[in-house]
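Participant: Protein chains in written order, with this note's numbering: chain V, 1 to 191; chain H, 1001 to 1211; chain X, 2001 to 2805.
Be a bit skeptical, because a hint or two may be false.
With a cut-off of at most 25 Å between alpha-carbon atoms, the simulated PhoX-like pairs for lysine-lysine come out as follows [as the list claims (entries may be wrong)]:
1. X:K2142 - X:K2086
2. X:K2038 - H:K1070
3. H:K1137 - V:K102
4. H:K1037 - H:K1131
5. X:K2255 - X:K2311
6. X:K2147 - X:K2225
7. X:K2038 - X:K2050
8. X:K2225 - H:K1070
9. H:K1162 - H:K1137
10. X:K2225 - H:K1137
11. X:K2730 - X:K2422
12. X:K2752 - X:K2708
Hints listed in this document are in silico derivations from the structure and should not be mistaken for laboratory results.
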Amino acid sequence: MGISDIQSQGIEGLDHNFLTAPLEKLVNWSRARSSWPATFGLACCAIEMMATGGSHYDLARLGMEVFRASPRQADVMIVAGRVSQKMAPVLRQIYDQMMEPKWVISMGVCASSGGMFNNYAIVQGVDQIVPVDVYAPGCPPGPETLLHAITTLHTQIENGELLKRREANGGAGAGMYIEQLDGQTLSIGAA
Amino acid sequence: MGYLAGFPITLKKWFEGVTTKNYRAGKGGKSDVKAPKPDRLHGRHVLNRYEDGLEKCIGCELCAGVCPAKCIYVRGADNNPTDPTSPGERFGFVYEINYLRCIHCDLCVEACPTEAITESKLFEFSFEDRKSAIYTKNELLVDEDGKPQQLPWEDWREGEDKATSGWMRATAPSGDSNYVGKVAWSGELGYGVRQPESVELTIKPKSGDSK
Amino acid sequence: MTATESSAVKATTGVPFTLNGQELHAEEGELLIEACDKNGVHIPRFCYHKRMESVGMCRMCIVEVDTGRGPALQPSCMLTVTPEMKVETESEATKDAQDGVLELLLANHPLDCPVCDKGGECPLQDNAFAYGPGESRFVEEKRHFEKPIPISDLVKLDRERCILCDRCTRFASDVAGDSLIHFIDRGSSTQVNTFPDHPFASYYSGNTVQICPVGALTAAPYRFKARPWDLTGSPSTATVDSSGSRVLVQSSQDKVVRIQGVDSDAVNWGWLSDKERFIYEANVSEDRILQPMRRAVDGSLEPMRWNDALKQTSEALGKKAAAIGGARLTLEAQHVWQKVLADEFSVVSYDASLGDDVSADVVDSLPKATYDWAFNAGSVVVVVGQDLKEILPSIYLRLRGVVKDGSVELVEFNYKSGSLAKLARKSVQSRPGELAKDVKQAFTATPGERSSDLNCLVDTDKPLTVIFSRPNVAESADYLTEALQVIQSVRPDAHFLPAFRRGNTVGAQLAGLTPGVREVATEDEIIVEQVAVVGRPTAEILQEAANGEVETLLLLGADPISDFPDKALAEAALDAVNTVIAVDCFENPSVASANVILPVAMYGEVNGHFVNSEGRLSPLGARVTAPGLVRSDLEIAASLAKTAPQSNSDAQSSLETSHMLGSEPIAWDLLELSSEGARIKTPTKPIQRVKADVPTVADGLRLVIGNKLWDQGTIVENSRTLAGLCETFKVRINPADADRFGLTAGAEIVVKNAKATASVPFITDSSVAEGVLWAPANVRGFDPRSFVTFSESVCYVEVSAGEQK
């Protein structure tokens, strides 16, 4: 580890050692406690997401009360609702505009898999366009389910690698890759 | 001075208790409680057993057929006559529910002819990947005492396994005339039978019935 | 639910009657239930079936009828409409009666609907829901029987569920003529069952499952495979034989799980043979070839890529090539294969048939009949050749029906009496080599000489239809041709109906995939300009191949080693050629010597069209996706065209358009459209004269190789349930012959001729003509084709008593 690495690569230049390990924990701890969500309420799930922010469940307890309208200031994208094919590129763009490190919660079955809308208009799982860290089931998930998902994500953040999160996990998302063989056969396998 | 009229309310609220449920904040502390749930909440499913331990599911696929989200996959198989899994000819051999599709509409519970599938009140669970969202029969089936399995990633609390296998009969009286028009509950392993709902549904008498 | 392709028409004249206060008309002698159906009033029923005699067993169709003597409850399926009849189907009395009937039917019916195959499409469920009381007053224990008992290899019977409607037993005895199931016992323990040790071994057993109004009869291949609400269906056509039966192919989870008969007025009346019904099992056979394979040096098969396989095929076809088979493909695939072979690769030797069926040229030159024309009341049907039950089983049922009720007269000419011999006006037993002679005798004898039973053949204005099939593969096909010529010369007004064994043989003829003189259309008009000789009979192809004059042999779903009459020649031919390319889905004896195997899609996996033996064009529906890397024939042929050395742009464009019917050579102009669908008009050409010699009688028996419905055909052999139905080899000899040669029943006999000697089991059978040794083709055990020499017109064998065991 050199100071020059940190200067050139920022915090990513840090190596693991007995000094940096507590620092890493500190960083993770602070990230988990101030992961501001990006508003991506697409349908009915958004109502439950709003309820989670309200006084009864009070997301502020988890340091998440600041729903940011600007993706630049957000850390967690809560995809709440069914993602239509038309919304998909928009969603991806917002995700791309978010600063690293960033996480995605897929809230509700429509976002997770299309739910009961198994049709041409709806993306069959938002993990086809962005890497999803936590899926919250339910139609819609209640505030408590969303809180469960959020705390699951927080545990992930706290225990996770500081950096290059996706590479370390071998890629996120639906875990599907497509391998093309000799120009004629397509085989789809799970990673 | 009219604009000050609102302040008394603010002050009053100051001295009322806190409305916030401190769910998931105290990490198991005293304040970490859930909001109370209604009796008929649709949560995670369970597959029930009879008192003698035999499974109720007969693998008829009616639940899969009625499911609007097509989240249930069932395959039946023939019972071994000497060591049956369920009473009768067939049993549910494969039973899977994809919780990333299930909308908890309870139509499967309505459709089930043997009251095998019911919904618990557990709704606090989430998954880190798609695969673990598919519950198999091993996870759905209740244990020998009729209590639902409490899986590590689910947030069960004291007393939440109560009233999970009971089934409210509102629309399917199963041919039993005692239950026509009455909201009643089926027997529940480990907890007995709950009292029928006090409110009786009013059903219009058939034209021609004279009373 | 039975799908139907017939349409009901509301009558405006006829017998006047009142239905629920509406003044309506019915036809003379029409049943009340039918009249109600036509007028859109549904009466619940269980036992009534449009295609069978009414019996009034279930009493469900009871309605209130007033014929002037006051209202009374009567079963509408037993009552013909009479003038001024007043019918109430929705009165209180009718409803009470329906309630009562259903309550009693349900008294003993188990409530295992959730695990019953019929649950979800069950008439009893539907009627109980729509007309039933809704509650049961019975608290007593229901009647119990042993849960499903197999009454045959294909059908299981659950007697608890039976409501004794008599549909299956009526079908078995009245329609199929196999009275193997009956009611036994009396009173509350009445049940349907078979005779002890006599299973319900009927070719038509699957129909009873389809018409059963409850789940009492279930089909072994479908049992617990899917639930009715999962099923999606496509209308299609059965292709196992040339009858063209209309079917509904149903699938669940992308697998074909059931085939149901569709009630088509013009063709199969809703009935199917078990072969047509259960053939889908082969689609999911474990032995199916799912990717292109090549033969390694050590003889084992190894997978290869499609690109390499097509390249290798294309190179091989560029050399001296010939093709056999293709009578089972869709019309479109046949058309494209013909184009690719003839235009792209300049292959001149191809034949869709395998030398074991009637020659295409003969069929082309005859005026055709439809089934309806043949079975119209007051006509005469002559069956020349094999038992229709073994070749076109579903059409046999229609023939049986009209012969049984006496509206059609039947005369048979064959070597072994058919299943209708007892009902026929006359069954003439002939012998190989003498068929034409016997037919001539029957048609030209003076009234004094001939039996009066044969009067229906000549000197009458009754329409005559000849249903003909190759009677024997061990003799020359010329005798049949000559016999047909005789009939045509005596009765020029006679119509002909070929009974081909292979499904789309007529399609192959239309597509030009069979040898013969072909009319070639010009580019823009369907005007016959040139006449060309195309193709070459299989026998010639195999002879040339055996002589080493063919380098590449392409097998389009063909198995010449099992089907070609001369087995030795077929084996020699496959040995002699350099490259054998098989387009097939399974390994069979011929594919076993293939160098390259191209896996092909099967029934239910391809769209297309099918032409039955009448010339009726009907669609084939694709219901499931082909598994693995399997491709359809059309795709294979089309991709071969792209790799062809001299790629012909005309053929390319024809390939692109051939997906649609209406591209040449089969244009809409050739189609005759009627209410029953499209039929292909086949032009009548002068018949080519054939004079077959009658060989001298040697001191022996003449070998007849006939077909059985269940044989070791590639598809049947790979169907789990059907494979076991194939019988073991046994020859049949007339008892008089058995006495003559001193053969004792139970022992094996030695059969020999110049080509082969074999010791085979035998039974005496008086339905076999004297002087004939009847042997089934392609069944388990011995293969009688080893006796056959293709160049000899009749095959003689000597028989002697074998060693006593």
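Participant: Against the structure shown, which of the earlier numbered hints fail to hold, in ascending order?
Facilitator: Violated: hints 1, 2, 3, 4, 5.
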